[in-house]
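**Student:** Put together the whole structure using the sequences plus the hints.
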Amino acid sequence: MAEPKRNDDSMDATPNVTEVETADAATVAESVAAIEAPAQRGEPILQVRNLVKHFPLTQGILFKKQVGAVKAVDGVSFDLYQGETLGIVGESGCGKSTVAKLLMTLEQATAGEVFFKGQDITRLSGRALKAVRRNIQMVFQDPYTSLNPRMTVGDIIGEPFDIHPEVAPKGDRRRKVQELLDVVGLNPEYINRYPHQFSGGQRQRIGIARGLALNPEIIICDEPVSALDVSVQAQVINLMEKLQDEFNLSYIFIAHDLSIVRHISDRVGVMYLGKIAEIGTDTQIYDHPTHPYTQALLSAVPVPDPDAREGRDRIILSGDVPSPANPPSGCRFRTRCWKAQDKCATEVPLLAIPERFKGTDGHTAHESACHFAEERDVVHAA
Amino acid sequence: MLLEVRDLQVEFHTRDGVARAVNGVSYAVDAGETLAVLGESGSGKSVTAQAVMGILDMPPGRITGGQVLFQGRDLLRLKEEQRRRIRGAEMAMIFQDALSSLNPVLTVGAQLGEMFIVHRGMSRKQARAKAVELMDRVRIPAARERVDDYPHQFSGGMRQRIMIAMALALEPSLIIADEPTTALDVTVQAQVMDLLAELRRELNMGLILITHDLGVVADVADRIAVMYAGRIVETAPVYEIYRAPAHPYTRGLLRSIPRLDQKGRELYAIKGLPPNLLRIPPGCAFNPRCPMAQDVCRTEVPPLFEVAEAPGAAEGRRSACYFWEETLHG
Ligand SMILES: Nc1ncnc2c1ncn2[C@@H]1O[C@H](COP(=O)(O)OP(=O)(O)OP(=O)(O)O)[C@@H](O)[C@H]1O
Ligand SMILES: Nc1ncnc2c1ncn2[C@@H]1O[C@H](COP(=O)(O)OP(=O)(O)OP(=O)(O)O)[C@@H](O)[C@H]1O
Ligand code: SF4
Ligand code: SF4
Ligand SMILES: [Mg+2]
Ligand SMILES: [Mg+2]
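Protein chains in written order, with full-length UniProt numbering: chain A, 1 to 382; chain B, 1 to 330.
Incorrect hints may have been included.
[What the hints assert, rightly or not] Which bits of chain A does chain B cover? Going by a derived footprint, with three or more residues having C-beta under 8 Å, they are: (1) 30-44; (2) 235-241; (3) 258-264; (4) 339-351.
I should point out that these hints are in silico values taken from the structure, not numbers from a laboratory. All values derive from a computational prediction rather than experimental measurement. Where a beta carbon is used, it is the ideal one built from N, C-alpha and C, also for glycine.
**Tutor:** This is how it looks when you write it as structure tokens:
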């Protein structure tokens with residue numbers, strides 16, 4: 001499952017990679033050394049710059065011809081700091097999982113760079129790429145289908161060791177897997193059981209144990225608790241926070257549930273149609289949002305209090321999300337934005353601290369891709 | 001009462017033994033009312049709904065007791081032929097995963113129209129016009145142009161609205177929605193829930209909403225039934241239960257909700273694991289995880305007690321806990 005679909009050979013076709021391939025052994029050794037050097041707290045461990053992924057749209061059965069492209073990710077930039085959690089939220093289909101796959105090098109970027117400790121992972125191959133892959137692991141959404149039903153829990157958790165035997169030599173694996181089971185709060189005696197013998201929450205713990213197997217520095221969680229009920233969800237989230245402290249992990253946490261994202265994240269990025277609309281600390285985004293899409297998203301979250309039913313200031317968006325194969329010109333949100341002006345159709349708003357908030361202290365001064373950014377508290381307005 | 005489930009019991013025969021998935025569930029919904037069913041994963045919410053709809057897998061499932069009274073008739077005593085006529089026409093179900101519930105090789109129009117051809121004896125042309133009307137009703141833009149599209153050509157939110165259109169086609173008096181918005185993001189979820197609420201009012205339908213989302217429940221439900229290990233452990237009007245739960249499991253659930261308006265510290269989590277249905281603990285099934293458990297909880301199954309917050313207060317609240325009073329006021 002976590003085994004990359006793309007092998008190193010296919011990468012050789014790209015010009016960038018050839019460069020690295022022909023690089024002398026000393027350069028490769030330098031890359032590997034940089035990747036394996038301990039990360040510094042408070043430093044960016046991952047720097048994503050203008051990341052783009054277009055999926056070709058083809059027509060014809062025998063002679064496929066490209067008729068367009070799904071612009072799944074279209075110029076995404078952010079930093080992930082050592083030891084922090086960056087939440088990513090946004091509408092279904094806005095490109096969250098595609099970003100995750102690009103960071104995992106499971107998909108090849110159309111353009112842009114991803115620096116892991118200063119090394120551009122979109123251009124690495126061979127030994128250096130393998131070292132990066134060990135350090136960035138993933139936990140998937142669905143605990144019911146992401147685990148192979150015919151493998152025992154021990155085989156599932158130990159599978160990453162087949163690709164990276166240096167982490168756990170053959171004779172040591174069983175002990176290592178039992179240790180991992182213990183770390184995630186499962187009985188080490190369960191090592192020979194099959195996935196169907198576990199509940200949803202327990203299966204999600206198995207997925208996390210597998211993600212931890214190679215001692216990665218970054219774990220990307222794509223909707224890790226969406227299928228769980230709130231009490232089981234709370235157990236899994238508490239476990240993830242404990243492991244983060246214990247192993248100094250950095251998380252990218254993707255989810256639809258904005259409350260759980262606020263709970264676990266230090267910073268949050270809001271995506272819309274392949275771009276980041278707004279990014280900032282949890283306080284900046286939840287208490288001082290300035291982008292209309294973030295405001296609409298937050299106002300749509302149902303509040304677990306029946307007394308709040310009336311008098312809530314809900315922003316109902318009209319229309320459906322436009323197709324990512326043919327996004328609107330200018331601001332991509334303009335077809336659903338109640339504030340759109342002519343300028344929004346002609347000029348792409350850049351993700352930056354809006355001019356008028358620059359130099360102000362306070363929480364409104366954060367990056368927001370809107371020509372007419374203004375603060376509106378929709379979460380506390382009742 | 002539109003629907004009344006009384007003491008329903010369902011078992012599954014598995015390789016490892018008999019799993020008692022539903023152990024005496026009773027709940028009721030009136031016309032125009034929304035009942036939310038909450039509870040732990042595996043507590044029997046969907047199985048109960050499937051038994052009501054008559055779509056339970058039998059075998060391995062077996063209904064071993066109880067009644068499902070729909071407009072006064074016990075559905076469990078009807079022949080399959082009679083039940084089929086009720087399904088779709090008088091009660092309908094909406095599932096979580098619209099893509100796998102719609103037929104991928106038939107156009108959306110054909111699937112919607114089919115209902116009118118089978119149940120109402122309409123011609124193809126009439127049925128197609130009806131399909132367009134329904135798509136309009138659930139606000140699919142350009143319904144006339146899109147009626148011949150296939151399910152995969154619609155977005156997730158639109159497919160879910162098409163499922164709702166299908167459930168509403170024959171204007172049933174009861175709809176069961178099993179996690180209808182779990183796969184959707186909040187803005188689409190808001191659209192779908194608003195649509196369901198509006199149609200429920202307009203057609204005076206009863207709605208059973210199964211969900212994990214305590215925000216959605218607070219927003220739309222009139223009454224709540226909370227399930228644990230195949231039983232109802234608490235049932236109450238929505239305002240009362242959020243204000244003061246009368247069962248420790250419900251209290252634990254409500255305390256586990258993360259907050260949108262502030263960051264909060266470590267999340268509260270109910271300790272322990274859900275029970276194995278092959279070996280439900282004696283006494284109260286929640287006792288190994290309950291912070292209030294006493295000796296009596298480990299031996300005697302608690303009945304559903306009437307809960308009165310104050311003498312003579314609103315009736316219709318019940319809790320299956322010996323210590324409901326302490327829970328309510330604690
Ligand atoms: N392999 C692929 N080929 C073509 N299009 C793709 C492919 N993978 C994803 N897409 C498209 O790219 C867009 C972004 O998809 P992605 O899965 O990243 O969304 P997401 O934000 O994770 O959505 P969700 O919240 O529903 O999981 C979608 O329009 C999707 O249909
Ligand atoms: N076909 C089946 N065979 C055997 N056991 C089954 C079958 N269908 C359901 N069960 C069992 O019955 C129990 C109740 O399942 P049900 O689907 O009603 O749970 P639920 O409350 O809807 O949970 P969730 O919130 O996860 O959907 C579960 O333990 C499940 O494993
Ligand atoms: S740039 Fe214009 S269309 Fe885009 S969010 Fe801002 S106001 Fe709306
Ligand atoms: S009956 Fe006892 S064990 Fe069960 S919920 Fe009440 S106090 Fe807890
Ligand atoms: Mg996704
Ligand atoms: Mg269910």
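**Student:** How does the coverage statement for the region 339-351 of chain A fare against chain B, requiring three or more residues with Cβ below 8 Å from a Cβ of that chain?
**Tutor:** Not satisfied, violated; 0 residues make the cut.
**Student:** Check, residue by residue, whether the region 30-44 of chain A contains three or more positions whose beta-carbon lies closer than 8 Å to a beta-carbon of chain B, and give the verdict.
**Tutor:** It is violated: at least three residues are needed, and the region 30-44 of chain A offers just 0 whose Cβ sits closer than 8 Å to chain B.
**Student:** Do three or more residues from the region 235-241 of chain A put their C-beta atoms closer than 8 Å to C-beta atoms of chain B?
**Tutor:** Coverage by chain B holds for the region 235-241 of chain A (4 residues, Cβ < 8 Å).
**Student:** Using a Cβ cutoff of 8 Å, are there at least 3 residues of the region 258-264 of chain A near chain B, or does the coverage claim fail?
**Tutor:** The restraint on the region 258-264 of chain A holds, since 5 of its residues have a Cβ under 8 Å from chain B and three suffice.
Violated hints, in rising order: 1, 4; the structure is consistent with all others.
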